[in-house]
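Peer 1: Now for the letters of each chain:
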Amino acid sequence: MSQGIVEIVSGVEHKGAVDRRSVLSWLSGLALFGSGVISLVSDFVFIKPRATYGQPSRFSIGRPDAYPPGTRMAIDGRRVCVVRDGDQVAAISTTCTHLGCIVGVAETGFACPCHGSRFDQDGTVTGGPAPRSLPWFKVNLAPNGDLEVDANAEVSPGTYLTV
Amino acid sequence: MKIALAIASSIVLIIHGIVFYSQSSHGWMQHQEAYIAEAQNKATNDAERNELASRRPRLEQIIATQFGEPRVDRCVSCHVAVDDPRFVGHAQPLRAHPYSKELGDSYENGRWERRHKFTDFGCTVCHDGQGRGLDSFYAHGEDRYWPEPLIGYVAQAEWNEKYRQPLRGKDYMEANCAQCHASGDSVSMPHLERGRRLFFEKNCYGCHRIDDLSEGALGPDLSEVGKKWKLDYLWESLVDPRANTPVSFMPKFNLRDDEVKSLVIFLKSRRGTNPAQTSLQRYRARAGRSAAAGQAPVLQADLPEDPVARGEVLVRDRACAACHKLGNQDGGIAPDLSFEGLMKDTQWISDHFRDPRRLVPDSIMPSFRFSEPEFDAMTLYLTSLRTPPALGDSAEIYRTLCARCHGANGDGTGPVALYLDPAPRDLTKAGFMNSKDPARFVRSILDGVPGTAMPGWKGVLGQEQAQAVLDYVWSSFVREPRRDAKKRSVPETNPVVSTAESIARGKQIFVQRCTGCHGLKADGKGPNSIDILPRPRNLRNGPFINATDDRRLLESILYGVQGTAMPPWIDYGLTANDAGDLLNFIRSFQTRR
Amino acid sequence: MERLIQLPRLVWDSIFRHPLPETDLGRATTSFNNFFLHLHPVKVHRNTLRPAYTLGLGLISLFLFIMLVVSGVLLMFYYVPSTAQAYDRMLDLRGTVAFGTFLRNMHRWAAHGMVALVFFHMCRVFFTGAYKAPREFNWVIGVGLFLLTLLASFTGYLLPWDQLAFWAITVGTSIAGYAPVVGQDVRFLLLGDHAVGQEALLRFYVLHVVVLPVVITLLVTIHFWRIRKDGGLSRPEEPEPTATTLPVGTRYGLMGFVRGPLTKSGNVPDNAVFSWPNLLIAELFVFVLTVAGVLAVSLLFNAPLEEPVNVMHPPNPAKAPWYFLGLQEMVSYSAFWGGVGIPTLEVLLLLLIPYLDRRTEGVGRWFAKERLLANSLFLLFSVINIILIAIGTFFRGPNWTFVTPW
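Protein chains in written order, with the numbering used here: chain U, 1 to 163; chain D, 1 to 593; chain F, 1 to 406.
Please keep in mind that the hints were generated in silico from the structure rather than gathered at the bench.
Incorrect hints may have been included.
To be verified - Computed footprint of chain U on chain D, listed as stretches where at least three residues anywhere in the stretch have a Cβ under 8 Å from a Cβ of chain U:
#1 54-61
#2 209-217
What the hints assert, rightly or not - Covered, in the sense of this in silico footprint (three residues per stretch, anywhere, with C-beta under 8 Å from a C-beta of chain D), are these stretches of chain U:
#3 37-50
#4 54-61
Where a beta carbon is used, it is the ideal one built from N, C-alpha and C, also for glycine.
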C-alpha cells in the first residue's frame, strides 16, 4: 500500500498500467456510487413503515346478524358506517371528503359538522364544500363468518355484499 | 492502492446488495402466499376466489387493548389461517386455532362461535411469546432473553435438560387462564387448583407471601413470581431450591413430578394484577382483605368439637408433617413429633407455636399466624401424643431416636441435620467426647439442650437407657477408650461481678479475640464462620446461654472446645478474670432484653 | 433556444467551478474553492500520507462519527424515548422495520468502534510525541473528545431500555455518585430522579441525540482546524532548508504562495505534495475501509437486546458498559479511589501531559528512543487500563467473583 502511495505521490504513470488503473478507478467509482444509491433507496424503504400502530385497515365488524335489515350504524372508532339493506351489506366511509372531519349519520344521509357538507344515503354530495362523494369500502365475509371491512380497498358506490 | 480501493468498494457494494436483498422476502410472506393458494382451492365460489386472488401478502397484526397492557400481536402474519375453520387440523403454521367447548366456544347452526375472539384478545395474552416478533425464533420466544416463551410449547436453549421435557404441554396454559379467571369461575383449571391446594398442603404459605392468599415472610414474596421467572426456573427452584440460590434454606420437599407441575402452573399464574378486574374491584378486594389478613385457610370446614380431635385435624391440614415426622409421615426436615407429649410440656409447645425463635433462636420454623383457639387445639393434640415408641437395645434406641439428627454414623449428618441450627453434635470426634464428663452427656440426653433442637428424652428413656445409648455411641462411633478428662482449674462461678466496667472490658476482649468467628454481633456469623464446622456458637442464643452454668462457659473460653475450632484461650494469655469479663459481656445480651 | 441547451452546463458549472484539475494550479484552486476541500491544506507533507505513521486512526474515528450520525438520525425515526415504548420499538426494529436490525447493528458497532478507535488514536499521538509544542492544546481538545465519545456512547447505552441498558446505567451512574461532595448531585442531575427511570431516559436521549453530537461536531471542527494552524501533522524534524527568504516588506496574498515559484521555496519545499489527489485518495480509501468494516461486522453480528427492564431483578453480575468496566473493577476494590480518585487523576494527567513533558526530541517517530521513559509510562497506563477492562469484562462472574471465560 505504501508503494501505491509513493506512486501516486510521485505522479509518475507507468505506461501500460494506465488502462488497468482507469478500469480500477471506474470500478471503485461505480461500486461506491451503486452503494450510495442502494443506501439512499434503503433509507426510504426504512422510513416507510411496514406495520402501522393504529388499528389495522382490514378489520372485522362481527356477524351479519348483528346488523338487522335496515340498519345504518356508524362505527366511529373505525370511521365507517355499516349499511344493511335486506340481505345486502355495505360499508360507507364516514370521513368527510372535504377536510377529514367525521360526518354524522342522519336519517336522510350524512352531514359534516365542520363545514356543513351534506351527503345523501349513498354518500353522494348534496351540498356544502365537499368535492367528492363518500367512498364505499370493500366488505367481504371472512372464513370464520364475520364481516370484514377493508378500508384500503374502495369499491364503486352501490356495491353490496349479499349475505 | 487502487486495487485495494476497488476491492474495498466492491465489498461495500456487495454488503449493500446482500442487506437490500435480505429485505425482499420474509417467511411470513411465503406462509401467506401458501395460505392464499390453499384457500383458493378450498373456496366454494368465484367471488371468494377472486377476493383471495386479489390479496397480496402483508403484515397482519392484532392490536389488543382490552386485556392487560396494550399488546401488538403479529402472530397472524404467519398463522394467517388461525380463524379459518377450513384449516382446522392443517399443518402449522397454517392451522386454525381449535374450537373447544372448554374454551367457551359454542356450536350453533353448524357453525362455531368463539368465546375469546382473537380481534379482542390477541394471541400472547393466553400463549405468551413475543407478539411483535416476525420470525419464529423471536416470535415464539426461543431467544433466551425473552421472558415469556410460548407457554408449554417452547423450551429455551439454556433451560436445564433435566426439566425440559416435563415443562411441555398445553396444561401449562392454565397459568394464563388464571390471569383473568378467578378460581371461583366456572372455568376448569384442574392443575392450577391442585397447585393452589398443594401450596397450602405443603405449607408453602408458611414461608411465602402471595397477595390475597398468604402472609409468610421467611421466603421470597411470590405474588408476581410468574412474571419474574420462566417455567424452568420455577421447576428447578421447587425440585432443588439451592440450584439457583445457594444460600436458600428452603427445604427439599419430596414432590412427585405431577405435583411439581401443578405447583409450577400455579406459581406461573401469579403475575400481578388481574387484567379482567377493574381498579374498583381491585380496591374492594384489598379493602376487604385487611380484616382477614394473614389467616391461613382451614381446609376442612366442619371441625370436630373435641379440642384434641380438632387439633389433630388442624395439624394434619396444616401439613406439619411436610417438615416434621408424625407417625408414618415424615417430611424429612424437622424433628419428630410422634411422641411430643412425652418430651415437651404444654407451655413449651404453646409458646413455641406462637414464636418458635423465642425458644430456639435459630430455628427455621415459621411463626404461623393461626388463631388462638387453633393454637390451643393444636397444642392439646401434640401434648396428647404420649405413646412411647417401641424401644429395644441401645443400638435400636439410637437408630429410632438419635439417628434422625445425629446420623446413622453418629457424625451429625442425619437427614434433618441440614435444617437444624445449631447443628447436631458430631459424635465421632473423640477429642470432644473425651474432654467432657460422661455425666454431662447423660444430662444432655435426658434433659436436652435448651435453645437447640436437642429435646430432653427423660420422658422416653430412663437413666440406664441413656447410659446405654452413651456407651453405644462410644463403642460404635468414638472408637477410642475413654480417657479421663483432665482436671482443669475452672472457677465454679464467675469470679468477676457483673458491672458496667466488667462488661465494657469483656466487650473489648470480645472485639479483639472473638469476632473473627463469633461475629461482631456475637451471633456466631463472623467472617471465618463459613469455613468452620461445627459452626461457632450463637452467643445470643438466650435459652442456651441462660441454661448453661458459668463453669461450663468459662471452661469453654479458657480451655477451648476440643473437636471444634474454639481454641484454649488460656494459652493465648487470657486469665480467668478476662474470661469472667467475657462471660459478663455475653450474659449481658440476655439481661439487657 | 441555445441558452436552453446550455442550461444544464451552466447549472453544472455554477456548482463545480472548476473542471478536474490537470495542473498544479488547478489542483490548488480546487482545494481553495471547494467548501469541503478547503478544510484541507493545498499541500501536505509526505509524512502525513504515510499510512504507517498515522494508521488513519483519527480519520477512522471521524468517519465512524459520521456514520453514527447518519444511522442515528435514521433510527430516530422509529425510536420513542419512553419507558413504556422504547423496548417495543427495539422489537419493532428487529421485527417489522426494513433494515431495522442492520441499522441498529451499524449504530451499535460503530459506537463501540469509535470508543476504541479514539483511544487508539490517542495512543498513536502519544507514542509519536505528536502532542508537543505547538500542538499542546489540540491534545487537550482530543482528550475532551475522548471523554465526550465515552459519554455519547454511555448515554446511548440506556436507550434500548433492556436489562443490559438499565443496569449498566444504574451501575455507571452510581460510580459517578462516589465523587466527593458533588457526586450525588451530578447523579441526580444526570438522572433527573433518584433512580434510573423515565426522566433518565429522556435526559439521556436529549444528551445523546442533540447535546453531545453538537458539542462533538464543534470540537472535531476545532480539532481539525488546529491541525492546519499548528502546521499540519507532526513529523520528524528536518534539516534546515536552504530557503530563499522572502523579501521583507512585501505582502503576499494567500494565492501568491501557490501561483508563483515561491511554492518551491517555502519552508519545506521538496517534501510537500498536493492534497488533490494524494490526500483525498488516501482519505477516500480510509473511508471505504471503515464503511466496509462496519458493514461487515453489522452483517455478521447482531447488536444485543436483552430482557425488557425489570427494576426488581438485577442481573448477576450487573455490569457497566465495557469501557467503564475498568472503573467498575477498581470500584470493587475501593469505591472512592476506583470510581473517582484514580479516573480523575488519570484525566488530569492526560490533560496536563503536553505541559509537563516539554522536551522536543523524538517528535514524529513511533517509540522514539529519546522518549523511552514517557512512552513506557504511557504504555503501562494503557495496558493496565486494558487489562482492568478485560478482567471486568471476561473474568468477572456472578457476585463479581473471578470466573474463567472458557
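Peer 1: Verify the coverage statement for the stretch 37-50 of chain U against chain D, using a C-beta to C-beta distance below 8 Å and requiring 3 or more qualifying residues.
Peer 2: Since 6 is at least three, the answer is holds.
Peer 1: Check whether three or more residues of the stretch 54-61 of chain D sit with their beta carbon closer than 8 Å to a beta carbon of chain U.
Peer 2: holds (count 3)
Peer 1: Tell me whether the statement that chain D covers the stretch 54-61 of chain U is true, taking a Cβ distance below 8 Å and needing three residues at minimum.
Peer 2: Holds, because 5 residues of the stretch 54-61 of chain U bring their Cβ atoms closer than 8 Å to Cβ atoms of chain D.
Peer 1: Examine the stretch 209-217 of chain D for residues whose CB is less than 8 Å from any CB of chain U, and state whether their number is three or more.
Peer 2: violated (count 0)
Going through the hint list in order, the structure does not satisfy hint 2, though it satisfies all others.
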